[in-house]
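Number of protein chains: 2
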Amino acid sequence: MELHGGNIYKAARKLGIKKQELLDFSSNINPLGIPQSVRDIIHNSIDELTAYPELDYSRLREALAAHNSIQPERLTPGNGAIELIYLYLQQLKPRKTLITAPTFSEYSRALASVDCRVEHFPLCENAGFALNSTLLTGEIRSGGYDLVIICNPSNPTGRFTPLEEIERLSQAAAAAGSRLMVDESFIDFTGEMQRQSAILLRAPHIFVIRSLTKFFALPGLRIGYALSYDREMLASIESRRAPWSINSLAALATEVALKGKDYINRSIAFIKEEKERLYCELNKIEGIKPYHPAVNFILIKLEGSLRSGELRERLLKRKILIREAGNFEGLDDSFIRVAVKSREDNNKLLEALRAEV
Amino acid sequence: MELHGGNIYKAARKLGIKKQELLDFSSNINPLGIPQSVRDIIHNSIDELTAYPELDYSRLREALAAHNSIQPERLTPGNGAIELIYLYLQQLKPRKTLITAPTFSEYSRALASVDCRVEHFPLCENAGFALNSTLLTGEIRSGGYDLVIICNPSNPTGRFTPLEEIERLSQAAAAAGSRLMVDESFIDFTGEMQRQSAILLRAPHIFVIRSLTKFFALPGLRIGYALSYDREMLASIESRRAPWSINSLAALATEVALKGKDYINRSIAFIKEEKERLYCELNKIEGIKPYHPAVNFILIKLEGSLRSGELRERLLKRKILIREAGNFEGLDDSFIRVAVKSREDNNKLLEALRAEV
Chain D
1 MELHGGNIYK AARKLGIKKQ ELLDFSSNIN PLGIPQSVRD IIHNSIDELT
51 AYPELDYSRL REALAAHNSI QPERLTPGNG AIELIYLYLQ QLKPRKTLIT
101 APTFSEYSRA LASVDCRVEH FPLCENAGFA LNSTLLTGEI RSGGYDLVII
151 CNPSNPTGRF TPLEEIERLS QAAAAAGSRL MVDESFIDFT GEMQRQSAIL
201 LRAPHIFVIR SLTKFFALPG LRIGYALSYD REMLASIESR RAPWSINSLA
251 ALATEVALKG KDYINRSIAF IKEEKERLYC ELNKIEGIKP YHPAVNFILI
301 KLEGSLRSGE LRERLLKRKI LIREAGNFEG LDDSFIRVAV KSREDNNKLL
351 EALRAEV
Chain V
1 MELHGGNIYK AARKLGIKKQ ELLDFSSNIN PLGIPQSVRD IIHNSIDELT
51 AYPELDYSRL REALAAHNSI QPERLTPGNG AIELIYLYLQ QLKPRKTLIT
101 APTFSEYSRA LASVDCRVEH FPLCENAGFA LNSTLLTGEI RSGGYDLVII
151 CNPSNPTGRF TPLEEIERLS QAAAAAGSRL MVDESFIDFT GEMQRQSAIL
201 LRAPHIFVIR SLTKFFALPG LRIGYALSYD REMLASIESR RAPWSINSLA
251 ALATEVALKG KDYINRSIAF IKEEKERLYC ELNKIEGIKP YHPAVNFILI
301 KLEGSLRSGE LRERLLKRKI LIREAGNFEG LDDSFIRVAV KSREDNNKLL
351 EALRAEV
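Residue numbers (this note's numbering), protein chains in the order written: chain D, 1 to 357; chain V, 1 to 357.
Among these hints, one or two may not hold up.
Said to hold, decoys possible - Counterexamples of contact, computed for chain D against chain V with all Cβ distances above 12 Å:
hint, residue
1, Ile46
2, Glu54
3, Ala112
4, Ala130
5, Ser142
6, Glu167
7, Gln196
8, Leu234
9, Ala251
10, Asp262
11, Gly330
12, Val357
As the list claims (entries may be wrong) - What the simulated footprint calls covered on chain V by chain D, stretch by stretch (three residues with Cβ under 8 Å from a Cβ of chain D suffice, anywhere in the stretch; the number is not a length):
hint, region
13, 8–22
14, 27–34
15, 46–52
16, 215–222
17, 272–283
As the list claims (entries may be wrong) - Mimicking DMTMM-like on lysine to aspartate or glutamate, the simulated pairs with C-alpha atoms at most 25 Å apart in a straight line are:
hint, chain 1, residue 1, chain 2, residue 2
18, V, Lys14, D, Asp56
19, D, Lys10, V, Asp115
20, V, Lys14, D, Glu48
21, V, Lys14, D, Asp47
22, V, Lys19, D, Asp56
23, D, Lys96, V, Asp115
24, D, Lys14, V, Glu73
25, V, Lys261, D, Asp47
26, V, Lys259, D, Glu48
27, V, Lys10, D, Glu255
28, V, Lys96, V, Glu119
29, V, Lys348, D, Asp47
30, V, Lys18, D, Asp56
31, V, Lys18, D, Glu344
32, V, Lys10, D, Glu303
33, V, Lys319, V, Asp262
34, D, Lys10, V, Glu119
Think of the hints as simulated: they come from the structure by calculation, not from any bench. Yeah, the Cβ is synthetic: ideal placement off N, Cα and C, and Gly gets one too.
Please build the complete structure, drawing on both the sequences and the hints.
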């Protein structure tokens, strides 16, 4: 089973084609592609690479702070969201962590790297994997967790839990002496970042993770950041991490990309419309059940006897790569995940699914 | 005091000029600049950034393995040499480490991040900071160290310790149950990598660090690697690290750069000749004493009353940035370090030093 979007390389090699020839629905990237302003800055900044990145990334911090209307000292940039997850866990050293399931498998891997025990809190398939904050707060209160991890919007379910529910969890966590990490890597796609982010709760036991590479279609460049009202945590992370972890092009690209309000608004508007269209069209296909998404990807259940591995192989022959979702804790090989891409690409996926399911 | 080359940003801001207007002798980068083949691949690969980097970096590994005539499983790539130093120390968790002094200050910072006690082994200024392996093996044998760190060629002294001396240290370390980390970030500049690297000893207690960003003038892009015959150590590092730490452009640039044998040979030949010329010319200037370099930078002692901070300020007014060396353990504010740059740039430095010292 392919664990990550990165495996487009292997899939293409196996087929003996270039990876550009594959339609990649396995990776949740903004279908509008890299902003032109970012292409330009990369083209024009190659000479910047002869200098080390700025040690404190002060310009990058200011750009991220302005984007979030927050003070620069409440954030730290990272070499992708994933670096910040590892740094946070290395700093916190939790002994027992609660994760909702299904969710992004890298949390468990990162927790294993700090020898932390992991418990999964299963979300109900029949409720569309909605997060039931009443049940979850009960578990948080009684379970003795050092840390609770929520992915919001959730990968792979595509559900978005509203801030008032997150607030209930946050209060339960605070009362129980637990920390709360909220991974908001996909929140930009919802258009609700300014109104629904957990950072708005201003609670020092909350650590918010953000990615920029998904929304700006730059996963190869690696850039993310963390937001927190726990100054001591941010300071510890910064004093103990390896220097220069963010490359200069990623820093420059971010500064430019965050200024591109038109691209940001067009992306949100496009996803808002196209995810609904793709969801509705998927819903019409017999034998599969899509879960309604808040974001740029859709979780799908195969309702017949066809397994995700077999479907992946069939679609690969049509040069379409999907993500098997059976390696998400709590899912099995009756689940797949597809990205929302351009209308044209999505139509090719729909056509292929109609033929192969 | 400015700790790192990255502070060209602050120096330029302070002067109110662009950093391109500063002649940067503070950062030890190949004066031949970025290879044309690397510029081309970056220009032509921006679309690659829409995919995640390859999860196992198999092409990058093969390129590095071929460059070192070693099996790919004996190396691991990293987000700059510094990431690998941190990962190695996090894995090893040494309690007591011996570092020769003066040396690169980041070792101490990285050791502090794993709460390790550090002892410094002072190298003798009168001996030109040569590593005396007889004295050092004695200390290794008796000191009860978990780890010994050697920078070879040494930053900031520019000395290169021959392999037979490293072998003596390695044997002493093995006998004492110590590990040996050899940072060879500057070995490419010597032209002796294939004959003098510590990896040739094939000893499983040795961990070799390499940088590619200095030799290929790409410190902003971040790429390094580690070599070791300790498979378990490499496997542990790989299983516990955050994924995708190397950006796609760094991986592609490395694959292309390592094929550029002409650039590699021209760089080695240029440094070999120009470092000697610069050293000889520096030697003629009254009031300063350069230490003979094996590499692309030169440590200089100010013999009069002029302190490094004052000289740095004077040279900055001439738009020349040097590195104060007083923050290297064992040195003080009578030391500076300068890079070997183009003949024209070096002549400007010489002229400025003749006027200001």
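Hints, verified against the model:
no., hint, verdict
1, Ile46, "violated, 5 Å"
2, Glu54, "violated, 5 Å"
3, Ala112, "violated, 8 Å"
4, Ala130, "holds, 29 Å"
5, Ser142, "holds, 31 Å"
6, Glu167, "holds, 30 Å"
7, Gln196, "holds, 27 Å"
8, Leu234, "holds, 15 Å"
9, Ala251, "violated, 9 Å"
10, Asp262, "holds, 19 Å"
11, Gly330, "holds, 21 Å"
12, Val357, "holds, 26 Å"
13, 8–22, "holds (count 4)"
14, 27–34, "holds (count 4)"
15, 46–52, "holds (count 7)"
16, 215–222, "holds (count 6)"
17, 272–283, "violated (count 0)"
18, V/Lys14 with D/Asp56, "holds, 16 Å"
19, D/Lys10 with V/Asp115, "violated, 40 Å"
20, V/Lys14 with D/Glu48, "holds, 19 Å"
21, V/Lys14 with D/Asp47, "holds, 21 Å"
22, V/Lys19 with D/Asp56, "holds, 16 Å"
23, D/Lys96 with V/Asp115, "holds, 23 Å"
24, D/Lys14 with V/Glu73, "holds, 22 Å"
25, V/Lys261 with D/Asp47, "holds, 22 Å"
26, V/Lys259 with D/Glu48, "holds, 23 Å"
27, V/Lys10 with D/Glu255, "holds, 18 Å"
28, V/Lys96 with V/Glu119, "holds, 7 Å"
29, V/Lys348 with D/Asp47, "holds, 22 Å"
30, V/Lys18 with D/Asp56, "holds, 18 Å"
31, V/Lys18 with D/Glu344, "violated, 45 Å"
32, V/Lys10 with D/Glu303, "violated, 60 Å"
33, V/Lys319 with V/Asp262, "violated, 32 Å"
34, D/Lys10 with V/Glu119, "violated, 47 Å"
Violated hints, in rising order: 1, 2, 3, 9, 17, 19, 31, 32, 33, 34; the structure is consistent with all others.
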